[in-house]
Amino acid sequence: MYILNGTGETSAVRAPLIGKSKWLAPLQGNTTELYTTPALPEQRETSLTRRSTDAGLGAPVVEPTRAELLVAIQRSREDLEEKIESVADEVTLLQADLRKVSDRVQITEGSISKLQTEVDALRKQMAKVTSRAVALVVRVEDAAGRSSRYNIRLIGFPERAEGSATRHLWSVG
Numbered sequence: 003m004y005i006l007n008g009t010g011e012t013s014a015v016r017a018p019l020i021g022k023s024k025w026l027a028p029l030q031g032n033t034t035e036l037y038t039t040p041a042l043p044e045q046r047e048t049s050l051t052r053r054s055t056d057a058g059l060g061a062p063v064v065e066p067t068r069a070e071l072l073v074a075i076q077r078s079r080e081d082l083e084e085k086i087e088s089v090a091d092e093v094t095l096l097q098a099d100l101r102k103v104s105d106r107v108q109i110t111e112g113s114i115s116k117l118q119t120e121v122d123a124l125r126k127q128m129a130k131v132t133s134r135a136v137a138l139v140v141r142v143e144d145a146a147g148r149s150s151r152y153n154i155r156l157i158g159f160p161e162r163a164e165g166s167a168t169r170h171l172w173s174v175g
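According to my numbering, the sequence shown is numbered sequentially starting from 3.
Honestly, the hints are just simulated from the structure, not real lab data.
What you are looking at is a predicted structure, and each value in this text was computed from that prediction instead of being measured.
Ideal Cβ placement from N, Cα and C applies to all residues, glycine included.
Each hint can be trusted.
Derived DSS-like pairs (lysine-lysine); straight-line CA-CA distance at most 30 Å:
| no. | residue 1 | residue 2 |
| --- | --- | --- |
| 1 | Lys102 | Lys85 |
| 2 | Lys116 | Lys102 |
| 3 | Lys126 | Lys116 |
| 4 | Lys116 | Lys130 |
DEER-style ranges, computed between Cβ atoms:
| no. | residue 1 | residue 2 | range |
| --- | --- | --- | --- |
| 5 | Ala129 | Val93 | 51 to 57 Å |
| 6 | Val136 | Ser113 | 31 to 37 Å |
| 7 | Ile114 | Arg148 | 49 to 55 Å |
When you get a sec, could you build the whole thing from the sequences and use the hints?
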């Protein structure tokens, strides 16, 4: 887009727009004129549809034709439509990916819940087995202790020397 600004300055400033160029060009007098041109060099073949001067100073002013403006607007519209379609396609793909991830998360959560239930059952069973093992260890230690108390060994007495009168042997002794 060209803006001819009548400030009397002799410098020009260029700032890029989307697909277009913007120029602030000095013009003598108090006139401001506006016209557009494509940014690409091969598209800059604009025709001078109107040549005029500002207060007779000889500064040419170029205005685009209505057809040129419509073509530029149509190109911008087509570019925007293509970008919108591209974004819509990407959003559709992302939604499909999100559905897949959501399904996987639900399956994983179900598996985790099932495994947690199994782990809880195994912990209860393990606690029962552990308490029973502790009780059996206590009983075995008690039985071993009792059996060793009744098996007193006497050294120096021949075996089976007491015969059937075991009590008599101990009471005499």
